[in-house]
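A.B. asks: Line by line, the protein sequences give chains B and F.
Per full-length UniProt numbering, the first sequence starts with residue 1, numbered consecutively.
Per full-length UniProt numbering, the second sequence starts with residue 1, numbered consecutively.
By construction, these hints were calculated from the structure, which means they are not laboratory data.
One copy or any two copies: either way a pair holds, since identical chains are not told apart in the list.
Here are the simulated DSSO-like cross-link-like pairs (lysine-lysine), alpha carbons at most 27 Å apart as the crow flies:
1. Lys95 <-> Lys241
2. Lys156 <-> Lys207
3. Lys62 <-> Lys95
4. Lys67 <-> Lys225
5. Lys67 <-> Lys230
6. Lys230 <-> Lys61
7. Lys156 <-> Lys241
8. Lys95 <-> Lys61
9. Lys241 <-> Lys151
10. Lys156 <-> Lys95
11. Lys207 <-> Lys225
12. Lys151 <-> Lys207
There are 2 protein chains.
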Amino acid sequence: MASFDSIVLFGDSITEGAFAAGGFGFLLADAYRRKLDVLNRGMGGYTTDWALPVFEQVIPKKDVQPKIRLVVIWFGANDAVVPGFTHHVPLERFKTNLGTMLSMLRDPSSDWYHTPEQTKILLVTPPPIEEKAVAHWLATAFEPPFSMDRKFANTKMYADAVRAVGAERGVPVIDMWSAIWDAAGQTTEGLGQFLPDGLHLNAAGYKYAYDLIVETIATNWPELKHENVKEVFTLWENIDKENPRPSLQANRLP
Amino acid sequence: MASFDSIVLFGDSITEGAFAAGGFGFLLADAYRRKLDVLNRGMGGYTTDWALPVFEQVIPKKDVQPKIRLVVIWFGANDAVVPGFTHHVPLERFKTNLGTMLSMLRDPSSDWYHTPEQTKILLVTPPPIEEKAVAHWLATAFEPPFSMDRKFANTKMYADAVRAVGAERGVPVIDMWSAIWDAAGQTTEGLGQFLPDGLHLNAAGYKYAYDLIVETIATNWPELKHENVKEVFTLWENIDKENPRPSLQANRLP
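With these hints in hand, go ahead and build the complete structure from the sequences.
C.D. replies: Below is the structure:
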């Protein structure tokens with residue numbers, strides 16, 4: 001608990017890895033230090049189907065302190081496996097599941113209703129995959145080996161779907177699919193520098209997530225830029241040294 | 001909020017910097033991902049005097065979900081400035097202040113009482129300082145420049161005091177003063193590789209904090225080792241694919 005409002009990062013392994021060396025999670029946590037907690041709610045291998053019951057538990061029900069100021073929702077990498085494999089979630093249901101998360105937050109009759117003023121939402125598209133590298137990883141990193149269950153074109157379809165849901169529902173989208181594909185020169189060969197196993201991002205790849213999140217916050221909600229959020233506990237220079245206690249009361253966003 | 005129990009890192013700038021690249025905060029956060037949040041409650045320039053009113057606000061009052069499983073208390077670097085300078089806290093009051101934090105947590109009549117079973121405590125000694133580098137940093141990094149206000153021998157006295165409080169109160173101490181001094185070959189020249197500005201740790205220095213914390217947890221409270229804490233939301237392999245919802249209920253430490 002410990003009384004800071006938060007940014008929640010909700011997603012699959014690409015989010016779970018956010019606090020590993022080079023992940024974007026600690027870049028955000030450091031940017032918002034003294035101000036907001038950045039909470040890692042990434043769960044490796046999860047799809048939106050399995051994420052929904054978890055969402056009900058990680059999002060508090062209304063009017064609870066401390067408050068979530070931003071939810072970053074990043075799924076699709078596993079939903080996009082081809083039909084017949086365990087993780088597959090049909091495209092329409094994937095879109096519906098994302099829509100359900102948005103409605104849980106935005107429908108005033110929802111137990112999890114959070115006002116747009118208090119809680120911002122970002123959707124993120126799954127990055128492109130490099131099929132050869134993924135096939136190698138699945139075949140060698142697991143005992144027993146996994147069969148190849150992903151296609152570049154499928155992941156792209158799910159990325160498009162995230163963008164469509166964002167557009168329909170008025171939620172900004174961090175387009176990691178396009179950012180990484182463009183940075184890769186739109187070539188399969190170029191992907192390896194951002195996706196060492198063909199699926200998960202390294203520091204160079206995560207840097208795009210960090211930069212896009214920061215930029216999108218700045219454009220849409222400048223009050224949430226880390227420079228504009230006040231420290232919860234004031235800078236030491238501002239403590240009234242003669243009578244410290246009043247200046248040591250927590251500052252909160254309205 | 002978002003419903004994970006937590007590890008709270010409470011201290012001055014050496015803790016505030018814990019999530020910068022190379023900090024120990026994200027090493028801990030990654031080790032405990034899926035299991036516990038690691039919350040940065042470091043405040044640059046703070047002494048134990050100013051930390052006490054903050055402690056009252058960051059530690060919840062009893063029986064509140066989610067629970068704090070470990071509090072890491074790391075002060076002294078600023079308390080140890082020489083008398084006459086703003087940050088100075090006399091040695092006896094420094095010890096009393098630390099004792100007050102411990103009593104807030106451990107005295108059954110305290111509003112902030114947390115049982116030893118539920119909430120572990122670690123004290124950490126301030127690292128040694130390299131006086132020449134600190135003098136240079138204070139004179140050049142600030143406008144107007146700060147006067148030199150620290151002594152190697154004073155910081156050592158406050159490190160000794162932290163160890164004494166830990167011994168008196170039965171709280172394990174992470175001895176960063178000794179760890180860094182020994183790693184520096186017990187020479188002033190050797191300190192620079194861990195303390196680039198003479199006061200704050202770099203990644204090489206923070207690694208000692210991470211390793212000592214992990215080791216101390218393993219020795220004293222093996223149930224809190226990250227390997228032994230269950231994921232709050234189960235590994236995807238353990239989801240009952242036919243009937244997912246029951247397997248997606250949060251797992252909590254007792």
